[in-house]
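Trainee: Given the structure of chain L, go ahead and fit chain C onto it with the hints provided.
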Amino acid sequence: MPHEVIMPALGMAQDTGLIVAWHKSPGDAVAADDVLFEVETDKATMEVAAGADGFVTQIRAHAGSEVPVGDVIALIGDSSEAVHTEEGPADATAPAATAVELPKGNNVIMPALGMAQDTGLIVAWHKAPGDSVAAGDILFEVETDKSTVEVEAGFDGFVAALLAEAGEEAPVGETIAVITATKPDKPVQASRASAPKVVPGPAAEISARAAETPAPKPAKAATPASKAAAPVAGTGRILASPKARRLALEQGLDLNRLAETGHPQPYHVADLETLKSLPTKGLETTGAATRRLTAELPSESFGGFAAWAAEAAGLKDAGALLAGLAAASLGREATVALERFGVARVFSVPVGPLGNIAAASLETAPDLIVRDLRASRISSVTLGAEDAPTLTLKQAGDGLAITLECASHQMTAAEAVALLSNFAGRMEQPLRHLL
Amino acid sequence: MRNITLSQAVNEALAEEMRRDETVFIIGEDVAEAGTPFKVLSGLVEEFGTSRVVDTPIAEPGFMGIAVGAAMTGSRPVVDLMFGDFIYLVMDQLCNQAAKTHYMSGGKLNVPLVLRTNLGATRRSAAQHSQSLHALVAHIPGLKVALPSSAYEAKGLMKTAIRDNNPVVIFEDKLMYNDKAPVPEEEYLIPFGQANIKREGTDITLIGTSSMVQICEKAAEILAREGISAEVIDPRTIVPLDEETLLKSARKTSRVIVVDEGHQTFGITGEIASRINEKAFYHLDAPVLRMGAMDVPVPFTPALEDLTVPTPEAVVENARKLMSGEMIHAA
Numbered sequence: 001m002p003h004e005v006i007m008p009a010l011g012m013a014q015d016t017g018l019i020v021a022w023h024k025s026p027g028d029a030v031a032a033d034d035v036l037f038e039v040e041t042d043k044a045t046m047e048v049a050a051g052a053d054g055f056v057t058q059i060r061a062h063a064g065s066e067v068p069v070g071d072v073i074a075l076i077g078d079s080s081e082a083v084h085t086e087e088g089p090a091d092a093t094a095p096a097a098t099a100v101e102l103p104k105g106n107n108v109i110m111p112a113l114g115m116a117q118d119t120g121l122i123v124a125w126h127k128a129p130g131d132s133v134a135a136g137d138i139l140f141e142v143e144t145d146k147s148t149v150e151v152e153a154g155f156d157g158f159v160a161a162l163l164a165e166a167g168e169e170a171p172v173g174e175t176i177a178v179i180t181a182t183k184p185d186k187p188v189q190a191s192r193a194s195a196p197k198v199v200p201g202p203a204a205e206i207s208a209r210a211a212e213t214p215a216p217k218p219a220k221a222a223t224p225a226s227k228a229a230a231p232v233a234g235t236g237r238i239l240a241s242p243k244a245r246r247l248a249l250e251q252g253l254d255l256n257r258l259a260e261t262g263h264p265q266p267y268h269v270a271d272l273e274t275l276k277s278l279p280t281k282g283l284e285t286t287g288a289a290t291r292r293l294t295a296e297l298p299s300e301s302f303g304g305f306a307a308w309a310a311e312a313a314g315l316k317d318a319g320a321l322l323a324g325l326a327a328a329s330l331g332r333e334a335t336v337a338l339e340r341f342g343v344a345r346v347f348s349v350p351v352g353p354l355g356n357i358a359a360a361s362l363e364t365a366p367d368l369i370v371r372d373l374r375a376s377r378i379s380s381v382t383l384g385a386e387d388a389p390t391l392t393l394k395q396a397g398d399g400l401a402i403t404l405e406c407a408s409h410q411m412t413a414a415e416a417v418a419l420l421s422n423f424a425g426r427m428e429q430p431l432r433h434l435l
Numbered sequence: 001m002r003n004i005t006l007s008q009a010v011n012e013a014l015a016e017e018m019r020r021d022e023t024v025f026i027i028g029e030d031v032a033e034a035g036t037p038f039k040v041l042s043g044l045v046e047e048f049g050t051s052r053v054v055d056t057p058i059a060e061p062g063f064m065g066i067a068v069g070a071a072m073t074g075s076r077p078v079v080d081l082m083f084g085d086f087i088y089l090v091m092d093q094l095c096n097q098a099a100k101t102h103y104m105s106g107g108k109l110n111v112p113l114v115l116r117t118n119l120g121a122t123r124r125s126a127a128q129h130s131q132s133l134h135a136l137v138a139h140i141p142g143l144k145v146a147l148p149s150s151a152y153e154a155k156g157l158m159k160t161a162i163r164d165n166n167p168v169v170i171f172e173d174k175l176m177y178n179d180k181a182p183v184p185e186e187e188y189l190i191p192f193g194q195a196n197i198k199r200e201g202t203d204i205t206l207i208g209t210s211s212m213v214q215i216c217e218k219a220a221e222i223l224a225r226e227g228i229s230a231e232v233i234d235p236r237t238i239v240p241l242d243e244e245t246l247l248k249s250a251r252k253t254s255r256v257i258v259v260d261e262g263h264q265t266f267g268i269t270g271e272i273a274s275r276i277n278e279k280a281f282y283h284l285d286a287p288v289l290r291m292g293a294m295d296v297p298v299p300f301t302p303a304l305e306d307l308t309v310p311t312p313e314a315v316v317e318n319a320r321k322l323m324s325g326e327m328i329h330a331a
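These protein sequence lines are chains L and C, in that order.
Here the first sequence is numbered in our numbering, starting from 1 and rising by one per residue.
Here the second sequence is numbered in our numbering, starting from 1 and rising by one per residue.
No lab work stands behind these hints: they were computed from the structure.
Among these hints, one or two may not hold up.
[Said to hold, decoys possible] Example chain L residues on the side facing chain C (calculated, C-beta under 8 Å, incomplete):
id, residue
1, Pro242
2, Ala244
3, Arg246
4, Gly262
5, Pro266
[Claimed, not checked] Label pairs and their computed distance ranges (CB to CB):
id, chain 1, residue 1, chain 2, residue 2, range
6, L, Glu339, C, Arg320, 33 to 41 Å
7, C, Ala224, L, Lys316, 52 to 60 Å
8, L, Ser380, C, Ala224, 44 to 52 Å
9, C, Ala303, L, Ala124, 49 to 57 Å
10, C, Glu221, L, Ser380, 53 to 61 Å
11, C, Asp295, L, Pro279, 49 to 57 Å
12, L, Val351, C, Gln194, 55 to 63 Å
13, C, Gln194, L, Leu249, 29 to 37 Å
14, C, Arg320, L, Gly384, 39 to 47 Å
15, L, Val351, C, Lys218, 39 to 47 Å
16, L, Ser380, C, Arg320, 32 to 40 Å
17, C, Glu221, L, Val343, 42 to 50 Å
Even for Gly, the Cβ is constructed at its ideal location relative to N, Cα and C.
If we strip away everything but chain L, and leave its shape as in the complex, we get:
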């Protein structure tokens, strides 16, 4: 009865072990204390002894494959005669039918960067198939649930195969690249979706890599760009107070719709009013050709703000400031036409400080029209859509009434609501715009 070598449980929470290398080949004589193979778990790489004297008669799982704890991975018999050379059933990751020949070389595996990490997302490859590579070169970037880490190649040579594409996830331990000592004739580029399963040749020298770089570099190289690009809202969870959430639930309001308009989070009870004012989805698609929205402010601080800006920042053109706040409400660089006392001016408003606003040619087609009727006696505005969305300002008691009119093809209902809400907020508290 041959001795069965099983995948040992080396950690408390370990389900599988990655066989990094075999130190014996089928037919080799082995003593119980001899190192038979190396296993990599999420914590460390360990050498495992054979556990029995005899001859290695069968190796069922190849280096590079991940095997569940407890599975038989090798047999040790009394003689070298009964040596099996075929692959055993335990090597589930390498069904012979789909296997294609891959370049023989050093396999680069998806590293385990976190304690509880099962897979890693390949953010980018820094080398292409056929490229020469040094051991210290960054080969790829991996994103885990915690951070993005640049991983070094670990071997000198040439990239002979990339077995996963950027954007794909690969299980920890899976071979995702092969590096050969000589320049490959036919470098392989594959994706995990279409890729052949990895069948490293028996001569794959994995142990070298494992010994040199048992663990990936720490997360010092986490790319700031990718972190910044993941905003709070990017987690998919909308930030809202418990009370706002409860009221939204009770009233059948969907906070997602507010988020879609770009209304700034976190949401509080007051924001539910904005949510309620959003047109329903049905109207949005079948709605009238013209959109008309009005916001009323009990007070406005723009006059005071303009005086302050002239005094403190030397921004003496109140018209430019008004155009600036309007463009900022749109959330992008914009050309704004300002009509006041029947005179039209056009401003080019970049994103950023209000001081950078420049006058533009009257011929420029505006993205937004601001019609300032504060000094007039007009009390109600329904003029219909113009060539661009039009914001009309008129006096209403001590405050301000702002009307937004636009054609439905110019802005979606949600965009219109966002524009008017943002602009009304800026007219009410212009200083917030600076913050």
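Mentor: Relative to the frame of chain L, chain C by itself:
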């Protein structure tokens, strides 16, 4: 109604209870002829004599132990601990003996004892005479803790404490001894576990203890001028705590700031905030904020000492943040 100082109110409470019940006596350092450094007890030794107003050597563990024994055997001692900071010296007598005797004797023994002491910084008394240590004893089951916020509370809570059959620790704010407040001539008691709504409001709840009640009231006045309606609540006793009143207010306003002069870390602000969070979570529109004293030894330097305690301006600033929906901490 007449206005009297907090000192006079405590003095009256003690005198009335000593006249009413001859088992009540006072014990501590400088309580008799000196009448304590704050002159709270002036005149009592003349009326009740040195057998009921007992001066002791400077030996806090000793006279606290005497008082616990006296309480177990039929007296109602009022222990005078000159500074709240000295409570460290009587911890075993207070927390291991007084707090647990009723429980461990199977209800056969009571410890009807009052420990009178004080809290509060900004008296330029440096780090060992300026602490507010009520959270230390509020943590121990078996002790009741009262924090009077004015002369009215000081008298009513003291009389209730003396009549309670369990150990009670009363912390008076040492900066408030000369503050006057309306106190009725006729007798009254303030029951434990009943918060006092000092000012009604609808937008935000300010929960303050001891002298922080005044801070909250001043903050509420400033906020009112800005159109923000703040409700100010004084729990009066933190053990037992009138949770219902606090939760009701939190559900009404959806925003709460808890202000207390103990160190913020692991303080009672955290305890109160946590209970509101647990029991009124779905009514909150903003995180419950804690405002305690800075986590540093109280500085002697006046300019620094004043920075360590909550001020009306700081409360107002935080209230504004909660009202505007500003994110307090990055989520």
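Trainee: Determine for every hint whether it applies to the structure shown.
Mentor: To see whether the hints hold, each was checked on the structure:
1. Pro242: Hint on Pro242(L): holds, closest Cβ of chain C at ~5 Å, below 8 Å.
2. Ala244: holds, 6 Å
3. Arg246: holds, 4 Å
4. Gly262: Hint violated; Gly262(L) Cβ to chain C Cβ min 16 Å, cut 8 Å.
5. Pro266: holds, 6 Å
6. Glu339(L) <-> Arg320(C): 33 to 41 Å: Check passed, 37 Å falls within 33 to 41 Å.
7. Ala224(C) <-> Lys316(L): 52 to 60 Å: Hint violated: Cβ distance 37 Å, outside 52 to 60 Å.
8. Ser380(L) <-> Ala224(C): 44 to 52 Å: violated, 36 Å
9. Ala303(C) <-> Ala124(L): 49 to 57 Å: Hint holds: Cβ distance 55 Å, inside 49 to 57 Å.
10. Glu221(C) <-> Ser380(L): 53 to 61 Å: Since the Cβ atoms of Glu221(C) and Ser380(L) sit about 42 Å apart, the hinted range of 53 to 61 Å is violated.
11. Asp295(C) <-> Pro279(L): 49 to 57 Å: With Cβ atoms ~51 Å apart, the hint holds.
12. Val351(L) <-> Gln194(C): 55 to 63 Å: holds, 57 Å
13. Gln194(C) <-> Leu249(L): 29 to 37 Å: Since Gln194(C) and Leu249(L) have Cβ atoms about 35 Å apart, the given range 29 to 37 Å holds.
14. Arg320(C) <-> Gly384(L): 39 to 47 Å: Given about 42 Å between the Cβ atoms, the range holds.
15. Val351(L) <-> Lys218(C): 39 to 47 Å: Holds: the Cβ-Cβ distance is about 43 Å, inside 39 to 47 Å.
16. Ser380(L) <-> Arg320(C): 32 to 40 Å: Between Ser380(L) and Arg320(C), where Cβ atoms are some 36 Å apart, the hint holds.
17. Glu221(C) <-> Val343(L): 42 to 50 Å: holds, 48 Å
Checked against the numbered hints given earlier, this structure breaks hints 4, 7, 8 and 10; the rest are met.
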